[in-house]
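Single-letter residue listing:
Protein chains: 2
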Amino acid sequence: MSKVISVEMERLLATGSTLRAMFEEGKKMRKEFGDENVYDFSLGNPSVPAPTEFNDALKEVIDTTDSMMLHGYMSNAGYEISREAIANDLNERFGTSFRMENVTMTVGAANALVVSMKILINPGDEVIVFAPFFLEYRNYISDFGGVTVVVPPNPPTFMPDMEQFAAAITEKTRAVIIDNPNNPTGVVYDEATICAMANVMEEAEQKYGHPIFLLSDEPYREIVYDQVEVPFLTKYYKNTLVCYSYSKSMSLPGERIGYLLIPDEAEESERIIAASSIGVRVLGCVNAPSLQQLAIIKVLDKRTDIGEYEKNRKALMDAMDAAGFEYVKPQGTFYMFVKTPVEDDTEFVTKAKEDFHILCSSGAAFDCPGYVRFAYCVDYDMIRRATPHIKELGHAYGLN
Amino acid sequence: MSKVISVEMERLLATGSTLRAMFEEGKKMRKEFGDENVYDFSLGNPSVPAPTEFNDALKEVIDTTDSMMLHGYMSNAGYEISREAIANDLNERFGTSFRMENVTMTVGAANALVVSMKILINPGDEVIVFAPFFLEYRNYISDFGGVTVVVPPNPPTFMPDMEQFAAAITEKTRAVIIDNPNNPTGVVYDEATICAMANVMEEAEQKYGHPIFLLSDEPYREIVYDQVEVPFLTKYYKNTLVCYSYSKSMSLPGERIGYLLIPDEAEESERIIAASSIGVRVLGCVNAPSLQQLAIIKVLDKRTDIGEYEKNRKALMDAMDAAGFEYVKPQGTFYMFVKTPVEDDTEFVTKAKEDFHILCSSGAAFDCPGYVRFAYCVDYDMIRRATPHIKELGHAYGLN
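Listed in order, the protein sequences are those of chains A and B. Residues 0 to 399, numbered by numbering that gives the first Met the number 0, are exactly what the first sequence covers, in order. Residues 0 to 399, numbered by numbering that gives the first Met the number 0, are exactly what the second sequence covers, in order.
By construction, these hints were calculated from the structure, which means they are not laboratory data. Do not take every clue at face value.
Since the list gives no way to pick out one identical chain from another, each pair is judged satisfied if it fits inside one copy or across any two copies.
Claimed, not checked - Below, simulated DSSO-like cross-link-like pairs (lysine-lysine); rule was C-alpha separation at most 30 Å, straight line:
1. 2 <-> 234
2. 2 <-> 206
3. 237 <-> 350
4. 2 <-> 390
5. 237 <-> 2
6. 328 <-> 390
Given only the sequences and the hints, what does the whole structure look like? Please build it.
Here it is in structure tokens:
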């Protein structure tokens, strides 16, 4: 045991971040081979700028707000005007009836998830996730001694399998995390799936005599294609907490602005609401960044240009079709989940990188070997340049 | 046991925040009696605006930075240009030789402290604090199962007593937290005190065979009076981590921008540096707000107008002197720690509030009964208006 580093941090140091490693690798390769000759599909960093109206809003807020209000402390839950504007925006869009009190401003969706863990989890409690999933969930869960229980992947649709889901729930299950639309598959859980999940969870709540919370991680809610509907989960299951971020819909991932939505229907909702501002405080965030709280509410009807991602999606699907790869057609997000022609996806990732300068993420990094994730939040021209090389990669595996 | 809320969060819900309660009370009283007739010294919210150059810097950064850089993800440790600028600024001011790598950008000093806990603390490990202290430290320590060990107050100087400090250290001690200048006493630990503390800690490190980290919480570093020197702790004790925030020196508490400084001299410093960006990530902050990271480095030589606080300090000392109160003369911060003429400081707080509309914080809220904290980050005119009432309060206790 280290004399300096805690046991939990030792584990994290040993694990590292596969995605981060790939990012560093990409930087190195671009230096060696030139920007034009590396095709980096590894990182989920939005490639379309924030709406110009957002920067205008920032400047307007800076120019017109008293310094104490602009940069000062407020309630740990956030500015009342921000919470109210967001509640109203949700009500208009989804026909809900949230009040200011239901919204706690957070340092992005990740912070909302960690705060939820702090509220709900005792050491040894279980939280269910569905593979493939964003691996940071494991770390959020283990921050407070929770145990991650993984429901195995269900290809080729990647909709959760209800029997496997039901089997994963135990006496110790306190929460279930989903992200819809899903990173890394790009699928959207439809209404029928959500209803089936709600049924499974309600039965389990009855059986075990305590609530099981559905944590809905929704940074990709607005990044959807072909008019697909993303069900608003508080309507389907009362013990739902929504973790939202403007990182993707507004291309503001670095600004760390989002919220935790706690509906009145949730069991002990008033105490969860009180606990959420305590959570933001005692985790050392204190509050979501003040300037961002004030600026975001001026542009709640604005989005980054999702058409750009749609164009990229089309180009990447064309490239994959021409190469002969099997993949899940993305209904949302800016990710495509591609089946590897060999079982060992890390071998495939290495070959793609070394022989064709194509960077993608191993499915194993999402607890789903046999697949790779292509992030198409990239320059369109890069996809066009990569297209022949993707074909060659397919050819190397006899796919074309 | 609640079926919803975790045991740790139940404890936090039950405790509440005395300071927050006082804030709500103040709002209510102002409504009832009028703004002019309530003298609220309860909250540590900076009352002097951020330097105008900071708002100019924000707008310049917004206008001149590409959206991907301005609002995008960067390394979890922060922008390299920000980390480098801060390292250079420290080197110029304190004759140190930090590199970019020694600086991890955080969501304020509180986040830096919580990240430090995540790095250093196993459940059951002990962290020492000196009463009176900012009670949130308890919560940061218990986030990961650490145990707070309190060294009793040492009035009237409130310098740590070395014998009591030495006696508090055990085999399980992993860290010691100080804030210098101190909230709530306003005292500054001088060089002799710091050297004595370093000696005690080095001896204990020898005895127990593992490092004991000194966590220096420094949001008030620049808020000092009469040219008092605040020792830069990495020079005195090698296992020091500095938790800094621009909240007070730049009046930006809502923006959540600060850093964790990890000197090369610290044991396993490279692994602590790696662990610090993991900590920022897995606690769900991901990174310090990007716009703030870019703006702050344009104004590292700027400060809020500390002269305003100095003027307030003088006015409040005059009021206390006229009233006959004993207090610790503040060398820094914007707090004054006043001895209550009765043992029960909560009784005093209630009397001050109910009979004289004077709001101050109970010393018990800082683990130091028998004292109260007056925050003088307030409107100067309020202090002038409060002066006769402070005198009446003293008179009620036979002090004048």
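State whether the alpha carbon distance between residue 2 and residue 390 is at most 30 Å within one copy, between copies, both, or neither. neither (51 Å within a copy, 55 Å between copies)
Cα distance capped at 30 Å. Does residue 2 pair with residue 206 within a copy, between copies, both, or neither? between (45 Å within a copy, 14 Å between copies)
How do residue 237 and residue 350 come out at 30 Å by Cα distance, when the copy is not named: within, between, both, or neither? neither (47 Å within a copy, 46 Å between copies)
At 30 Å max between alpha carbons, let me know whether residue 2 reaches residue 234 within a copy, between copies, both or neither. For residue 2 and residue 234, only the inter-copy Cα distance (22 Å) is at most 30 Å; the intra-copy one is 50 Å.
Identical-chain pair category, residue 237 with residue 2, by Cα at 30 Å: The answer is between: 15 Å across copies meets 30 Å, while 46 Å in one copy does not.
With identical chains, the pair residue 328 and residue 390 could be close in the same copy or across copies; at 30 Å between alpha carbons, which is it: within, between, both, or neither? within (18 Å within a copy, 75 Å between copies)
The structure is inconsistent with the numbered hints 3 and 4, although it conforms to all the rest.
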